[in-house]
Structure formats: C-alpha cells, structure tokens
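Participant: Fit chain B to the given chain F structure using the hints.
From first to last, the protein sequence lines stand for chains F and B.
Letter by letter, the first sequence follows residues 1 to 317 in my numbering.
Letter by letter, the second sequence follows residues 1001 to 1282 in my numbering.
These are calculated hints, taken from the structure and not from any lab test.
Please note that the accuracy of each hint is not assured.
Pair by pair, the computed Cβ-Cβ distance ranges are [to be verified]: (1) F1274(B) <-> L59(F): 53 to 63 Å; (2) A227(F) <-> P1226(B): 54 to 64 Å; (3) T244(F) <-> W1095(B): 35 to 45 Å.
Every value quoted in this text rests on a predicted model; they were computed, and no experiment measured them.
The C-beta atom is built at its ideal place from N, Cα and C for all residues, glycine as well.
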Amino acid sequence: MIRFTAIRLIEIAAILVLMSFVIYALIGLMPGDPIDLMRQADPRMSTADMARLKAVYGLNQPLFARYLAWIRQALGGDLGYSRLFAAPVWSALLPRLGNSLLLMGLSFVLALMLALGLGTAAARRPNSRLDTAINLVCFAGVSMPTFWLALVLILVFAAGLGWLPASGIATAGARDFGDRLAHLVLPVATLTLASIGGYTRYVRAAMREALDQDHIRTARAKGASEARVILHHAMRSALIPVTTILALSFGGLVSGALVTETMFAYPGMGKLIFDAVMGNDYNLALAALLLATVTTMLANLAADLAYGWLDPRVSYR
Amino acid sequence: MRLPFLLLAAIAVMSFAGPPLGAALGVDLNAVDLLDRLAGPSRLHPLGTDELGRDVLMRLLAGGRISLTIAIAAALAAAAIGTLVGLVAGYLGGWTDRAMMRLTDAIIALPLLPLLIVLAALDLNKLGVPAALARSDDISLLRILALAVLAGWTTAARLVRGATLVTRNRDFVRAAKSLGAGVPHILWTHILPNVLVPLIVATALSVGDVILLESVLSFLGLGIQPPLASWGTMLSNAQELITSAPLLAIYPGAMIFLTVLACNLLGDALQQRFDRRAAVRA
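Excised from the complex, chain F in its bound form:
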C-alpha cells in the first residue's frame, strides 16, 4: 500500500513536470508577449528599451532556459506576479481554489448520493416503467449543454421568479451565511445536474451486475431483509466499479466547473483559468492550469486508494 502510493506519487510528479513544460511552451505560443503589452501601455517606449527589457527579463533566452529559470523560481515558492489581479499569483489563486473545491465538493457529494439512489432504484426492477423513466432522465442530463442549463436556470429562478441571485458569491456588504448559501444554490444545482446522468448510469450497471451474483441469492434465501440485501451485500460490490469510473470523471468535473463558474461569475479556479488565458496573464494561467492538474491527479489517487479499501481482494503490492 505504501509502496503503491509512493510509486503513484512519483508518477504524478513525472506527469506534472512534463505537463508544466508543455503548458509553459503553449503559453508562450499565445498571442502577444509581456513586453508588447508594456509597450501598448506606454507609447514612448523605444525599440532599444524593449530589447533591454527583454534581456532583463530573460525573454531573449531560448525556451528551455526560460522554463528552467521558471521552475527554479516556482520550486522556491515564487510563482510570479499576476497582471490581472495586481497581486502575487499565490494570493489570487488560493481563495479561488477554496471556492472551487467547495462548489465541486458539494456537487460531487450531492450527485453521488442522488445517483446511488436513482441507480439502485432502476437496477432493482430492470425494464420497469421506473427504470425507463430514470434512464431517460439520465440521457437528458448527459445530453444537456452545461452552459445552456445554467442559462435556463438563471432565466427561471433569477430573472423570472427572482428567488435566487444570478451571479457572484455574496451580496456586496452582506456577510451572513444564508447569503453565501443562496449564491451557491444555482451553481451547485447546475454542476450536480450536469454530472448526475453519467453517474446514475454507472451505478445502475454496477448494481445490476452485483444483484445477479450468487451471494445475493444466498442472502435472500437466508431471509435477509431487502434493505440489508441492497445496502449491505450488493452496494459494497457495486461501489467498486463505480469508484474507478468516478476517478476518471474528476477531470470532467473540473471542466464542468469551468463552464458553471464562468456562467455564474463565481470566483473559482475555472473562471480564473478562463480569465487568465483570455487576459494574457501568463504567470497566473500557468500556475492555475498546473494546480487544476495536480488537484485532478490527487483526486484520482484518492479514488484508487478507496478502491483498495472497498475491495479487500485488491492488494497494491
């Protein structure tokens, strides 16, 4: 177990190094460069000034040398300065990471609970009317563009009924808990509805397989109650394949969060990445993309470890 975790951590570090170089190179390929932006802000700047500035910031160096310089700084804890936020990258990044984890965590737990309920209900009576209805709802959820769902929810609950705020994370000046919560409802609902269809289908398939097994028939024959059969005997083996698929879905959750946050002007990592890329904020975009990648890979690792914990037959040696 410890050895498995260590190997996975080394693997994650290797992928991160690779990704950081790829992203660093890609960001260099985006339109404009920092010195051009400075010149736009100050028309009196001469060509000689620009050349000198490029030399000062090392922009005349080859790509790999610049990357090495960046990584040396980054490892020392200095991710540079964000142009958009006029603040060090760390101080722009951390509060937004917290906001995103809150949004994604709430949606993930909510979607998983609902999927476990719906998927189990559908699997217990295959091809019944309930199963067909749940299946249709799942397909609708999978096929719905997230941003359109967000638009419709804003249209109905914010613009139409006026029940909930349409954007942001808190009303200016308000500091109470209820206000924060009201701002979370629509984004969390969007992200939950966006992921619930896929999750439910996985749960249903895993549950059907689990309910077909011999030990379930044994449990029923022994006279175990239906609740005990489902929750104690079937759920445990159904959760194992579900965990694997959930691990692969974290990347999708981050993508969904990007759209949701952008739609609701929710200050999280997804919106931050979008704004940083659009606003030519290189330092911020680089750090934010890497942070999103690390978070996803750590979540994957956590799911892998949960897999071993759920299934005693699996041993990581």
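Facilitator: For chain B alone, coordinates are given in the frame of chain F:
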C-alpha cells in the same frame, strides 16, 4: 432505435437542405435588417429575427450544418487515429503498449476543457501556420476539428486495444501468421473486423460529445468565429439579451440538446442490439 435515428436524420436533412432552399426563396442568413430587430414570428421569419434583424430559423439551420459537419468529421477522424493507436499498441504489446496506454490514461484523467481553452487561444502565426490560412474564415472550423480529435481519440484507442489483445492470440490469427501473413494484413483482415461493431457504437456516441465540445468552445468565444454561425455562437450572442429576448437562447440550446440526445440514444440502442457486453461505456 427508430425514433432517435429519424430525429437525427430530420435534423441533418433540414440543416443541409434548409440554407440553400432559403436562399432560393430569397431569405439570406446573413442579411442584416436593423429596422426589424428582435421581431416576433412572421410569415417571412417563422422564428422571428435576432439582434441584427437576421432570420433566426435560417441561422439555426446553417448553424446545424456547421455543428454536424464538424461533429461527424471529428468523430470519424478521432476513430481513425484511435484505431491506429489501439491496433499498434494491442498487437505489438510490451513497452509500446504500456507507454501508449499510460498516455491515454493520463489524457482521460486530465481536466480537458481548461487545456483546450489554452490550445484554442494559441497564436497560429507563432505556430508557423501560413498567414493566408491563419486569416481565412475556415480556420476556426479546422481549429475546432483538431481540438475535438485531440480530445476524442482516446476512447477508440482503448476500445480497439482491448479487442486486439483478445483477438491476437486466437487460432485464426495464429494460423494466418504461420502462413506468413504480414502484420498490416493481419491487423486489417483479421483483427479490425472483430472490433468494428463496438467501434461504430463508440463513434456514434462521440458525435454527441463533439457537438457539446464545439458548442461550449464557441459559446466561450473560442470556437466558430463570425460570420459563420454555429449553435454555440448563437447562444453566445443571445446571452447578452437573455432577459429581453430569452427565446434567442432557447432555440439553439434546444437544438444542441435534441441532437446530442438523439446521438446518445442511437448509440445506446446500437450497443444494446449489437454489443451487449459493453452495456456501459467506461
């Protein structure tokens, strides 16, 4: 199976036949009429007009033509690339297989949309794309196509690799090998036909995924660029008028939803019918 197929066929026929038909009837999808902005339904404009007085129905159909063309082309290209990778990895095995599968695993687990946004924002001049091509109207089409293929080839690769691993030690493959058949011949005539059905199912399902990807990138302003219309760009324009003209946002979203739903239902029906082993796509 019949209903989603008919729905999809109807959307495709209308999207491809609609714009030329409209042009013949004298309705131009790019004609601006500022005196007739945001008009309700009329005989000339059955779904009304948008914020520049353009015919909504015509733009909806033209948008469908672009969205569907990209989706089908990208799904086929991704399937072809994925098949090649899967065949090579599965047949050669060893470290080639391990390296390729680690790569697909890593891509599947990555947060794709944030990375695609960076790729969509790249400066094509810095990449060395000829200026004439980089400035043409079609470049946004090609860019989306490339991104969709980049994001989508892993599904086919995993599928084909798995099937190849199973098939390559079957007796008929060994027989062919002992008769002196070359690797390309074995892959093409003995292994590929055995993975064709799940591959077709996966491709049908991925058409829907590409439509969603195209629409979200276009919606964020990184996909199809004006004057071309796609469902995503129409939604992006409509977002600013969401309270005054909500229907402008409802129509293209509903079209995306229906088309993707039809693709998914069709893929699922095909799977139920021909490929019961893989009832759920991982």
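Participant: Please go over all the hints and tell whether each is borne out by the structure.
Facilitator: Hints, one by one, checked against the model:
1. F1274(B) <-> L59(F): 53 to 63 Å: At 57 Å between Cβs, range holds.
2. A227(F) <-> P1226(B): 54 to 64 Å: holds (58 Å)
3. T244(F) <-> W1095(B): 35 to 45 Å: violated (24 Å)
When held up to the earlier numbered hints, the structure conflicts with hint 3 and nothing else.
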